Amino acid sequence: MHAQKSAETIQWLSFEQLNDSLSVKPKKVFVNFYADWCLYCKEMDRTTFQDSAVIKSLKENYYAVKMNVESKETIFFGNQIFSNKRIKKVNSVHEIALLLAGRKNKPFSLPAFVLFDENFQAQSRYFQFLDEVSLLKVLQKK
Amino acid sequence: MKDIEQIVITGTRTPKRKTNSAVIVNLINSKTLDQVVATTLSEGLKYQPGLRVETDCQTCNYTQLRINGLQGGYSQILINSRPIFSPLMGLYGMEQIPTNMIDRIEVVRGGVSALYGSSAIGGTVNVITKIPDGNTFNFTNTLQSIKGKTTDHLLTGNASFVNEDRNLGISLFVNNRNRGLYDANSDNFSELPQLKDHTFGTNFFFKPAKNQKLELSFSSINEYRYGGEMVEKPAYLAKQSEERTHHILIGSADYSIAFNDNKNSVSFFYGGQKTDRKHYTGIYPDDPAELTAFFANPPYGISKVITHQGGVQINHHFEKFLIGSSVLTAGAEYIHDKVFDEISTYRYEIDQTTKNFGTYLQNDWDITPTLNFLAGFRFDKHNLLARAVFSPRLSLLYKGVENTQFRVGWGTGFRAPQAFDTDLHIAFAGGGVSRIVLSPDLNEERSTSFTSSVNYDKGTPHFIAGFTVEAFYTRLKDAFFQFPLGKDEFGAIFEKRNGDEATVKGITIEARANFDYLVQLEGGFTFQKSQFKTPVSTIDGLEPKREFLRTPNHYGYATITYNPTKNWNLSLNGVFTGTMTLAHAAGTETGQNVDAYFQTKSFTDVGFRAGHVIGFPKIKSGIEIFGGIKNIFDSYQKTFDLGKNRDSNFIYGPNLPRTLFVGIRLKSL
Chain A
38 MHAQKSAETI
48 QWLSFEQLND
58 SLSVKPKKVF
68 VNFYADWCLY
78 CKEMDRTTFQ
88 DSAVIKSLKE
98 NYYAVKMNVE
108 SKETIFFGNQ
118 IFSNKRIKKV
128 NSVHEIALLL
138 AGRKNKPFSL
148 PAFVLFDENF
158 QAQSRYFQFL
168 DEVSLLKVLQ
178 KK
Chain B
3 MKDIEQIVIT
13 GTRTPKRKTN
23 SAVIVNLINS
33 KTLDQVVATT
43 LSEGLKYQPG
53 LRVETDCQTC
63 NYTQLRINGL
73 QGGYSQILIN
83 SRPIFSPLMG
93 LYGMEQIPTN
103 MIDRIEVVRG
113 GVSALYGSSA
123 IGGTVNVITK
133 IPDGNTFNFT
143 NTLQSIKGKT
153 TDHLLTGNAS
163 FVNEDRNLGI
173 SLFVNNRNRG
183 LYDANSDNFS
193 ELPQLKDHTF
203 GTNFFFKPAK
213 NQKLELSFSS
223 INEYRYGGEM
233 VEKPAYLAKQ
243 SEERTHHILI
253 GSADYSIAFN
263 DNKNSVSFFY
273 GGQKTDRKHY
283 TGIYPDDPAE
293 LTAFFANPPY
303 GISKVITHQG
313 GVQINHHFEK
323 FLIGSSVLTA
333 GAEYIHDKVF
343 DEISTYRYEI
353 DQTTKNFGTY
363 LQNDWDITPT
373 LNFLAGFRFD
383 KHNLLARAVF
393 SPRLSLLYKG
403 VENTQFRVGW
413 GTGFRAPQAF
423 DTDLHIAFAG
433 GGVSRIVLSP
443 DLNEERSTSF
453 TSSVNYDKGT
463 PHFIAGFTVE
473 AFYTRLKDAF
483 FQFPLGKDEF
493 GAIFEKRNGD
503 EATVKGITIE
513 ARANFDYLVQ
523 LEGGFTFQKS
533 QFKTPVSTID
543 GLEPKREFLR
553 TPNHYGYATI
563 TYNPTKNWNL
573 SLNGVFTGTM
583 TLAHAAGTET
593 GQNVDAYFQT
603 KSFTDVGFRA
613 GHVIGFPKIK
623 SGIEIFGGIK
633 NIFDSYQKTF
643 DLGKNRDSNF
653 IYGPNLPRTL
663 FVGIRLKSL
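So the sequence lines, in the order shown, correspond to chains A and B. For the first sequence, counting from 1, position 102 maps to 139 in this note's numbering; every step adds exactly one. For the second sequence, counting from 1, position 289 maps to 291 in this note's numbering; every step adds exactly one.
Because the hints were derived from the structure by calculation, they are not lab data. For clarity, every value in this text was computed on a predicted model and none was experimentally measured. Hints are supplied without guarantee of correctness; some may be wrong.
Pairs of lysine-lysine residues, derived as BS3-like cross-links and limited to a Cα-Cα distance of at most 25 Å, are as follows [what the hints assert, rightly or not]:
# : chain 1 : residue 1 : chain 2 : residue 2
1 : B       : K340      : B       : K383
2 : B       : K669      : A       : K125
3 : B       : K620      : A       : K125
Turn these sequences into a full structure, and let the hints steer you where they fit.
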């Protein structure tokens, strides 16, 4: 099955924009972590995230957040301050990404997606390439 | 709003070993090649478990790759998966392929996969040339100083372009190398030859549709190589010398198409190689009476080698195969290789055409999620063999224990009764030239190999570490060896014959670790034994020996990389070569008066590199300045033969004495 290219695009939010949005109106949240070195992330940008059904589902039901895990910015979110503690090191990963997409006994890896409910409780996480069919299933899960 | 709960903290993007493959594939990428300051393929392959690169000629420095202790001819070197590394390229090819031509090297030890060809008994090395991977460039200027006496200057450039849709890409590389002669023992005869290399090439891919891919590659290698007496004269006026001028063209084309929801795929492939070589291998006569005859016909020669390989491969994915699922691969390939090499003065001529038609079938069966069974076979019809050879190969992978894989493998192979790399090299000894001829009764050599291994990798948020222990056992039937046939007016003649059985067995241990990307460690060590069943004589008059010559029982390597910050990279690397036995032929005034066996000492070749990147984020570029020392402790052969009558095979250990290097690289970030 081929992705249906859509004229519309996903309105990706930053964590700070999410903070503001959530305080106005609670909604489910889809977080997409990426890095410049992550080829699968780029491939998903070119395919999965161009799919009209995926775009529609994200638009209607989610706040879609995208974050470069190597970001150097300090982020205020949920009354906390998060920063990248390893800015000067190779493969620096931002605190917020480690917190949300890190796993016990496993190295941090990308792609990584985290889904939250309306109360901002983490519901599920995915750590692999997802095509439009699999991502739709994930997004439509109750 | 709820606060986020702490989940865990992690960090890695190490390309982990393929845990799902029944055959272990080791990888060397261009980053590693850079950190060990490998200028050519031969310098890079040392940093792989179970692999050893040796220099075999004091005059021309041809190199051989030994996998699990087996000589060069037992390994298959592929370029972009094509066996176009011809028998002649087996001599200098590894030193002619610059590292900036290489994207990565895939190494499979042992002969347990049917896809790689029956002659891959020791293993297979697949050199993948630079693949277009984005819009990048780099240009590097490196200067090496060998013991402060000889300079080696390298200019390399790479560029890659990929369009926005990522369905079309092209990469280019150029390399220019200029190295002078190096004399280790001040006899005015070189130990390292002069090299002048001009290499360039390109890789191209195009995806006309999502399920189709066309790949083309082309490279041109030009090399001038001279070793011997260090005089500014034509080669034939030097007291002893080897001079080679190579023009090599390499090309490949692959087209693959997938259909039926990616359950089926077909690929068509072609690879080709053409070498034109002019060479001189000679010794200036001592006796003035011989001069007229020598000048009338000095020992110049030519070589012409052409290789073509083409074939087709079909994959089919069975979603249900008895229990579990499987991928069935079937293929057919034809290889045509024509080698012509001659020096009429020595009445030396090799005019060999080999044709091999091979078909193979392999079933990669996931019986259960934790059990994989890879079974395959090949049929090869070689024109120098009366009957087709059947080579079955089996391997089993069990991954039922967390973080661990157990593997066992068994396979057979053969080598045809033909001339390979070393057979095409003319060596000097005792003031003459020695040549290798094939015995008229030469038959194929057969092999049976077993391997078994345990692989363990554990990752935590802060580190990832693992080890592999592999045991290998190969039995060669009718193993080839070189029998000293006697001497003619030009020097010694050796005949390539079938010997008795030989066995190669041992254990290779690998370890690796990565701590938060700050420190990365990697190492491998091999303990092995290689013996003929009945002793074999290599020099007339010396007791025959069971052990393989030039084959250490212990060898290994280690690399440590430290990245204190993004902009600093420090690496330390070492190669250990254990003691081994060589045959040393006598020669007048060479320092060696009798033919004798020689036991080498062991060598530890340690190198260091430091690199610093100054980035210009606005123009997405950076400058890297790097420098360091290769072979810091100058662990190098101490006693070489002297003068024109030297035994040129008497060379062992690290390929370079202490060498300083500095370089500057302009690159995209």
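Against which earlier hints does the structure fall short, listed by number upward? none
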